[in-house]
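Since the structure of chain A is already known, use the hints to place chain B on it.
There are 2 protein chains.
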Amino acid sequence: MLKKILIQPDYILAWENENFKLVSFGEIIIEGDEITYLGPRREHNRKKFSKTIKGDLVMPGFVNTHTHAAMTLFRGYADDMPLLEWLGEKIWPAEAKLKKDDIYWGSMLAICEMIKGGTTCFADMYFHMEEVARACTEAGIRASLAQGLIGTDKLKGSISLKKNENLVRNWHKAGEGRITVMLGPHAPYTCPPEFLQKIMKTAEKLEVPIHIHLAETRKEIEESLQTYGKTPIKFVDDLGLFEHNILAAHCVHLSREEIDILAEKKVAIAHNPGSNLKLGSGIAPLADLLEKELLVSLGTDGAASNNNLDMVEEMRLASLLPKGLKENATIAPAEIALKLATINGPKALFLDETVGPLKKGAKADLIVVQLKKPHLFPLHDVVAHLVYSAAASDVDLVMVNGKILMEKRELLTVDEEKILFETQKRATKLLAGLN
Amino acid sequence: MLKKILIQPDYILAWENENFKLVSFGEIIIEGDEITYLGPRREHNRKKFSKTIKGDLVMPGFVNTHTHAAMTLFRGYADDMPLLEWLGEKIWPAEAKLKKDDIYWGSMLAICEMIKGGTTCFADMYFHMEEVARACTEAGIRASLAQGLIGTDKLKGSISLKKNENLVRNWHKAGEGRITVMLGPHAPYTCPPEFLQKIMKTAEKLEVPIHIHLAETRKEIEESLQTYGKTPIKFVDDLGLFEHNILAAHCVHLSREEIDILAEKKVAIAHNPGSNLKLGSGIAPLADLLEKELLVSLGTDGAASNNNLDMVEEMRLASLLPKGLKENATIAPAEIALKLATINGPKALFLDETVGPLKKGAKADLIVVQLKKPHLFPLHDVVAHLVYSAAASDVDLVMVNGKILMEKRELLTVDEEKILFETQKRATKLLAGLN
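Heads up: the sequence lines are chains A and B, in that order. Residue numbering for the first sequence is 1 to 435, as defined by my numbering. Residue numbering for the second sequence is 1 to 435, as defined by my numbering.
Take every hint as true, because none was put in to throw you off.
Intra- or inter-copy, both count: the list cannot distinguish identical chains.
With a straight-line cut-off of 25 angstroms between C-alpha atoms, the simulated DSS-like cross-links for lysine-lysine are:
| hint | residue 1 | residue 2 |
| --- | --- | --- |
| 1 | 265 | 198 |
| 2 | 198 | 162 |
| 3 | 21 | 90 |
| 4 | 54 | 425 |
| 5 | 418 | 408 |
| 6 | 418 | 372 |
| 7 | 425 | 372 |
| 8 | 326 | 90 |
| 9 | 408 | 372 |
| 10 | 163 | 99 |
| 11 | 292 | 265 |
| 12 | 201 | 265 |
No wet-lab data here; the hints were simulated from the structure.
So here's chain A without its partners, still in its complex pose (with noise of 0.2 angstroms):
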């Protein structure tokens, strides 16, 4: 018999009509892997559940849709550095020394901390891919996985996208289904057409979406004019790959034309403005993306560039940002921010028949958060107090998948202290003789 989960919260936070809704003193109820309740409380016999869970408010879960996890090995060694500088002198020189057994316990702090911070599912493009995939699987965490695909080198680049090919084969849909694959396309700085051309094809073959990097400094915009005689985006335009799904992480530097492709070719964006700001890229243009209705979603990008995973932390920023930069602080309110951080993350990773809001039929991701606490207080809005107070670290319980991953902030399915170990042990050990 499936095992049968009873949670009585204060509040849900429910989905009516395409906006949230709070429901007081309602109840959800987790069969396996799914909800297959929500709606007004009832008397239960407490016996035919296997566990029955409290607390103040459940949310659908933060979806992180642009990381490179096992970058948390890195977090803190290179900061205060443009883009170009940090990547050629300081990360690309430590990523060569990544064995696959770092990105496996990378990936696994990258999880520890996301799930700390009520992060349901992950979006991640890096390499040794298996390794992540191997670690989402133990952790129970949900994640896109995509292999970074570099064309520079014509053959690195096709052993690369063979490695995405069996990653597809032997990831996609595994680990009861938490696990897809994506291919990984790094950039078009990265990518010639032929190669780009090579990915979509296959991206048709096996049926999976795609997640690139687009126009994220103002570099890579100059560059693609002097190579291609048109910005990033126009060049992927015309080579066709917004017939394909694709999820654009960060699209800072934007044309009032190109957010106008981006709308009616609905590309998925990955919107990353912490890690925007820290590397000096910019500030992307929310405001215009969010009037011209286009399909955003959040990511924190890699802790080496952010510093953290945080997804409270990027949704305020996605909130504040564009009320700042236009003085006008009706941009971006708190319930559009709160849909960014949540549920069009599943959307934008093409999982929304999976996951997104909290209703009957869903597969349960969620999040118990804790209200009663000094920055929450005094309660008048639920949503505002999410976006503009909160923190990740009110997050009580994780569940994904109808399993909790964390109960009163105790992970319980990965072991936290042998995970700080390994990876402090392994990060000094890599950056040892590095500059």
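Relative to the frame of chain A, chain B by itself:
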């Protein structure tokens, strides 16, 4: 005999040649309210100490140089609205209903939150300030308090100024010296020139500094140009305000010339990046202020416009915003941001002879931060981690004036549960009937 406390943490963020210096395996001794030793770790007879504290990192507490503490009561009550509409339609009608006891409890809630986030000292400008002073005295936090002075009604202005004078007489240097008082003219647009002059005379007579809002919104600049033919900065400078010790909050909209004036007149600035974003006021030109070597400190502003009193968040915003805005990752590096949030605060509050960097002879205002958490691993760079990765909830212990206010995240001087209960009750009652 004075109580002696020994702290032996893994790291101490000490101070040498005007810079932070990370000391490994050092120790701090506190006798009464003062640091009497900071240096290499030694052998001790533990019986000589009333308490021994271990921990990961000891550092100076955060200093929040601009807030309106009791506005916690309105947290989440009115969001996503522009400043003047927010004030006129929501905040002022609600404030009109505030009673003395509300101010006490609202301030207590703020103090709870601030202590829990590692803030050891704050500057407040509001009303019924003797209630705030009472709350600070009980809670043990350090504070610089000012009565908010509005002079558009002459009689009310005089009464307020009298209250501020009484606040100086009754509370300046009270609470074992933890409470100091400033005069609090609200802003040039609410204080006519004659009133400002009267305030300046009073400041001179009582020998106290002045805390004022300056150049917060574009509208304020435009109205000042219309009314006085000059910007707020030029207007108050011509009046002679900057000949006094001034703490100027916000300073968002500044010309090059005005920045030079502020620099020349050594005006201390309370930069409030979060509130300025959220109210759509704009983004202060921090890069320029740093370039001109102005004394910049950080404030959260009130919890109705922030919506929390989290100094770690302000510190991170202060560091990230100019990088993104100027597309230059080298601006406001971690160490500078940490200075803004810690040791620049006491300077801006004219308290730097009392507190600031951790060193022998300073009053013991310090915090212990936990570093053994996934989001702070691996530990390559403590300062970078504090600014780019840490969270307010990583603060484990808070000491002000040698007294422990929080230990293992438990508040020791105030009754947290009662404060949450009282503030929820009062806020609900206050806002009932308002739209």
